[in-house]
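All chains should be built: construct the whole structure from the sequences, respecting the hints.
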Amino acid sequence: MAGKTLYDKIWDAHVVRQEDDGTALLYIDRHLVHEVTSPQAFEGLRLANRGLWRADSIVAVPDHNVPTTSADRGNGTAGISDPVAKLQIDTLDKNCAEFRINEFHMDDIRQGIVHVIGPEQGATLPGMTVVCGDSHTSTHGAFGALAHGIGTSEVEHVMATQCLIQKKMKNMLVSVDGKAAEGVTAKDIVLAIIGEIGTAGGTGFAIEFAGEAIEDLSMEGRMTVCNMAIEAGARAGMIAVDQTTIDYVKGRPYAPVNSEQEATWDKAVAAWQDLHSDDDAEFDEIVRLHAGSIEPQVTWGTSPEMVLSVNAKVPDPANEPDAVKSKGISDALAYMGLTAGEPINKIKVDKVFIGSCTNSRIEDMRQAAAVVTDALANDKKVADNIKLAMVVPGSGLVKKQAEDEGLDKIFIKAGFEWREPGCSMCLAMNADRLEPQERCASTSNRNFEGRQGQGGRTHLVGPAMAAAAAIAGHFVDVRETGGEG
Amino acid sequence: MEKFTLHKGLVIPLDRSNVDTDAIIPKQYLKSISRSGFGPTLFDDWRYVKAGEPGMDHSKREIKKDFVLNQARYQGGSILLARENFGCGSSREHAVWALEDFGIRAVIAPSYADIFFNNSFKNGLLPLVLSESEVDELFKAVESNEGYQLTVDLEKQQVISLDGNSYDFEVDEFRKYCLLNGLDDIGLTLQYANDIKAYEKKRKQQAPWLFS
Ligand code: SF4
Chain U
1 MAGKTLYDKI
11 WDAHVVRQED
21 DGTALLYIDR
31 HLVHEVTSPQ
41 AFEGLRLANR
51 GLWRADSIVA
61 VPDHNVPTTS
71 ADRGNGTAGI
81 SDPVAKLQID
91 TLDKNCAEFR
101 INEFHMDDIR
111 QGIVHVIGPE
121 QGATLPGMTV
131 VCGDSHTSTH
141 GAFGALAHGI
151 GTSEVEHVMA
161 TQCLIQKKMK
171 NMLVSVDGKA
181 AEGVTAKDIV
191 LAIIGEIGTA
201 GGTGFAIEFA
211 GEAIEDLSME
221 GRMTVCNMAI
231 EAGARAGMIA
241 VDQTTIDYVK
251 GRPYAPVNSE
261 QEATWDKAVA
271 AWQDLHSDDD
281 AEFDEIVRLH
291 AGSIEPQVTW
301 GTSPEMVLSV
311 NAKVPDPANE
321 PDAVKSKGIS
331 DALAYMGLTA
341 GEPINKIKVD
351 KVFIGSCTNS
361 RIEDMRQAAA
371 VVTDALANDK
381 KVADNIKLAM
391 VVPGSGLVKK
401 QAEDEGLDKI
411 FIKAGFEWRE
421 PGCSMCLAMN
431 ADRLEPQERC
441 ASTSNRNFEG
451 RQGQGGRTHL
461 VGPAMAAAAA
471 IAGHFVDVRE
481 TGGEG
Chain Z
486 MEKFTLHKGL
496 VIPLDRSNVD
506 TDAIIPKQYL
516 KSISRSGFGP
526 TLFDDWRYVK
536 AGEPGMDHSK
546 REIKKDFVLN
556 QARYQGGSIL
566 LARENFGCGS
576 SREHAVWALE
586 DFGIRAVIAP
596 SYADIFFNNS
606 FKNGLLPLVL
616 SESEVDELFK
626 AVESNEGYQL
636 TVDLEKQQVI
646 SLDGNSYDFE
656 VDEFRKYCLL
666 NGLDDIGLTL
676 QYANDIKAYE
686 KKRKQQAPWL
696 FS
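These protein sequence lines are chains U and Z, in that order. For the first sequence, my numbering assigns the number 1 to the initial residue and increments by one for each residue that follows. For the second sequence, my numbering assigns the number 486 to the initial residue and increments by one for each residue that follows.
Bear in mind the hints are in silico, worked out from the structure with no lab data behind them. All C-beta atoms, glycine included, are put in the ideal place defined by N, C-alpha and C. Be a bit skeptical, because a hint or two may be false.
What the hints assert, rightly or not - Computed, partial: chain U to chain Z, Cβ under 7 Å:
id	residue
1	Y27
2	T152
3	A200
4	G201
5	S303
6	F448
The structure is reproduced here in structure tokens:
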């Protein structure tokens, strides 16, 4: 019999019962909750007179709607000017109090984007099943966990039963072989992967990312990669556990510790050693990329698969033989206000957004700050044509760490705004958004039409590339600016 | 959950692939804490000239006349026809609530994003899969015949046109059973409460760190 994949192993360890047709009840270890997709679930519980199965499995935090200007923070939800947004966060607070759920409130330093704070607190552990009413829950797969987004009905189902009704997905291996070039980051790697397999390429699969270039990544980089598995259509992305994983988890508030009675940490670490695919495991599909050929990436269209190297040219729909695809390209160019054949590194931007659950961790802050430091050394600042360049750390603790390292001062000196943590302009539910036709270099994960504001034009890039675009006023290969990648 | 057995309705052709959930229901409407009322803002950016806000009187907003939902011949439609990878993007169930609130009972497309697909069944909206060529055929039929209707028969797993053409579709047995009977998943799962408790007991011994 063939060996098991990492996904097979975690799946098998969580099946409570299974029907003949493969439908299973899957046990959920960790449930992360935020304000947008939970109110209707709590309401459903109340209407049916049901309680929570396991309140201690839930960690809640408001993130999507929170304001990111310091003037609006620090006074609970009182500073939220939008009454509808305020009601949603107040509702989360009320629900968490009523159901006795551990919540990091808006003014708690541990508050932040749900996918940043889970790992930061050690609430995400190797081998867990993790769910959240948010598609980027795939992020947590970086820890050798099975993590995926669910809808609100499923949020309610997990709250009431601690289980999900699921059928097993297929296994896909994406191997990024060899070493990535200097200046090429996790974001470039994952964008290149999506460019290769397409936005629907991973539909129905759990993707395991492997290969030397993935192993070389820090936990922050691995989270960036798994975060965007959903942009390739896969609900779950995951990476095998190794020493990098274990070192990151150790000592975090929710992580196990050894006590006098029991060596729980040691026991956990021993169990985690098995969280990798067996050598003879079989995958339904295998995709290989050579890390060495990946260049810094920029999306040019309205779907994350519409991505190319910063040194490439905007594609021409006339060169696409498939009629549906060709129409897709021309629609995207029309929306994005681009001309076929235009060099990507000549495209000027209006706004720059560094943040989101893809790229708002400390390493991302450092990568962007390194580019800005170089610019300052050459007497350069944010270019005149940039209307707004903002840096939004992923959590209060990331913000504090960055400030302890003096990164905030570097950004501010160069003309960036340094904000309070939250989802911010990733989806523009709060005041941070694009105006129609404004063009943005963004470290987030979706370039859909209207994602950052109606009519707004989003180009996805990594943090160093976003910082470099802010300084140059247009896209530029960060490796040519002298900045560290 | 509303039962789904047989549905006959007017077809609305949305000739796009990769229709994402941000397009189905833009983020500003996600601030609602209720499940209903999303219909008037379904496909908001494509439907109206200017961006809307929650709480507006949407019937007073200027519409984009060309958009398919605004065309006279498709008023009252309840079956949405679209291209591949429908519902990609975020997990927001609001997308399904918006389609339902608008009056859509079934979507026909060659493929769907996983989370959207799942969410649909939980709300009695049937996302059915036909092949690309069948979908293409339907697009042509809808566009050339005003008032084009289809019947979706879940029991028989067939889509039937007025002129008698029929298309078979696959559907998961369990999901079909739940839809036909309008069953609530949570109630079903709680029948197995003892299995869940037994699993927890065993698991607590193997991996106590998962329970603190
Ligand atoms: S940062 Fe963006 S993608 Fe991530 S959870 Fe928030 S809104 Fe979703």
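Checked hints:
Interface hint at Y27 of chain U: satisfied, since its Cβ lies 6 Å from the closest Cβ of chain Z, which is below the 7 Å cut-off. A hinted interface residue such as T152 of chain U counts as satisfied when its beta carbon comes closer than 7 Å to some beta carbon of chain Z; here the least separation is about 4 Å, so the hint holds. Satisfaction of the interface hint for A200 of chain U is found here, the shortest Cβ-Cβ separation to chain Z being roughly 4 Å, below the 7 Å cut-off. For G201 of chain U, the interface hint is violated, since its Cβ never comes within 7 Å of a Cβ in chain Z; the closest pair sits about 10 Å apart.
Because the smallest distance between the Cβ of S303 of chain U and any Cβ of chain Z comes to about 5 Å, under 7 Å, the interface hint for this residue holds. Satisfaction of the interface hint for F448 of chain U is found here, the shortest Cβ-Cβ separation to chain Z being roughly 5 Å, below the 7 Å cut-off.
Of the numbered hints given earlier, the model fails hint 4 alone.
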